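Engineer: Sequence:
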Amino acid sequence: MRFEPEISDSENRGMDVAKAFLEPVKKKFPWITYADLWTLGGAVAVEALGGPKIEWKPGRIDYENDMDVPPQGRLPYGHDKPQELREKFYRMGFNDQEIVALSGAHVLGRCHTERSGYDGKWVDEPTVFSNDFFDDLTTSQWFWQKSPAGKYQFYDDEQDQMMLPSDMALLQDDEFKYWAHTYAKDQKLFFDHFAKAYSKLLELGIHRDSNGIARVNKFARNNL
Numbered sequence: 001m002r003f004e005p006e007i008s009d010s011e012n013r014g015m016d017v018a019k020a021f022l023e024p025v026k027k028k029f030p031w032i033t034y035a036d037l038w039t040l041g042g043a044v045a046v047e048a049l050g051g052p053k054i055e056w057k058p059g060r061i062d063y064e065n066d067m068d069v070p071p072q073g074r075l076p077y078g079h080d081k082p083q084e085l086r087e088k089f090y091r092m093g094f095n096d097q098e099i100v101a102l103s104g105a106h107v108l109g110r111c112h113t114e115r116s117g118y119d120g121k122w123v124d125e126p127t128v129f130s131n132d133f134f135d136d137l138t139t140s141q142w143f144w145q146k147s148p149a150g151k152y153q154f155y156d157d158e159q160d161q162m163m164l165p166s167d168m169a170l171l172q173d174d175e176f177k178y179w180a181h182t183y184a185k186d187q188k189l190f191f192d193h194f195a196k197a198y199s200k201l202l203e204l205g206i207h208r209d210s211n212g213i214a215r216v217n218k219f220a221r222n223n224l
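Residues in the sequence shown are numbered consecutively from 1, following the UniProt record's numbering.
One or more of the hints may lead you astray.
[Stated by the list, open to error] Okay, the calculated beta carbon distance ranges per label pair:
#, residue 1, residue 2, range
1, Trp144, His207, 40 to 50 Å
2, Ser140, Tyr63, 18 to 28 Å
3, Tyr63, Lys188, 34 to 44 Å
4, Pro71, Arg13, 12 to 22 Å
5, Asp157, Arg91, 52 to 62 Å
6, Gln145, Leu189, 43 to 53 Å
[What the hints assert, rightly or not] Listed below are the simulated DSS-like cross-link pairs for lysine-lysine, each with C-alpha atoms no more than 25 Å apart in a straight line:
#, residue 1, residue 2
7, Lys185, Lys200
8, Lys196, Lys53
9, Lys196, Lys177
Worth flagging that the hints you see were computed from the coordinates, not collected in a lab.
Predicted model only: the values in this text are computed from it and were never measured.
C-beta: ideal position from N, C-alpha, C; glycine also.
Please build the complete structure, drawing on both the sequences and the hints.
Structural biologist: This is the structure:
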């Protein structure tokens, strides 16, 4: 996310806030790569907000230019349907259970109209990592409406929580729906599955030797 087209991708709007927040850390510890710093920040944030411990290993390198940046259009979008989610996550090596588990990260934060066009928070406590995303998704009533920016999304009956079309897609597919209901009832299982899937996500594009040392994977960009 330091080079085009990633830095200006519409799905990455707002990431400049997180990057700026971590820049003082980079200045204090200039030996750490941005790739290691940003992924470590994500792992620490999950645990600090009450979530599971995320296995994290160092060794990522920073590209020096945009020559190896993957093409646009590969990120999941807020309007994705089940098949579109599968196409994008299967390419990265994730299965249906892992897709749903990773979607549970929407328990944190909110959408901002000036960034994504969507508006609102997913859960009542958006700074606590829990299985509330799945609990609310599977038990609340959701209504199809336009956001203030004109994008269609789902609101609950009090209009103080929201779901993206891609969130509701988890209820439109039998396999996705099974895991959404399972995680709604079992936070411990969700934490376990999320930790494994998120750690796997952080390792994408990295090839490690038998000693666990990261090596450059020249073919990684094709799967990202």
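Engineer: Hint by hint, note whether the structure agrees.
Structural biologist: Against the structure, the hints come out as follows:
1. Trp144 with His207: 40 to 50 Å: holds (44 Å)
2. Ser140 with Tyr63: 18 to 28 Å: violated (42 Å)
3. Tyr63 with Lys188: 34 to 44 Å: This hint holds: roughly 38 Å between Cβ atoms.
4. Pro71 with Arg13: 12 to 22 Å: Holds, since Pro71 and Arg13 (Cβ atoms, about 18 Å apart) stay within the stated range.
5. Asp157 with Arg91: 52 to 62 Å: violated (37 Å)
6. Gln145 with Leu189: 43 to 53 Å: At 33 Å between Cβs, range violated.
7. Lys185 with Lys200: holds (24 Å)
8. Lys196 with Lys53: OK: Lys196 and Lys53 at ~10 Å, within 25 Å.
9. Lys196 with Lys177: Within the cut-off at roughly 20 Å; holds.
Of the hints listed earlier, those the structure fails to meet are numbers 2, 5 and 6, in rising order.
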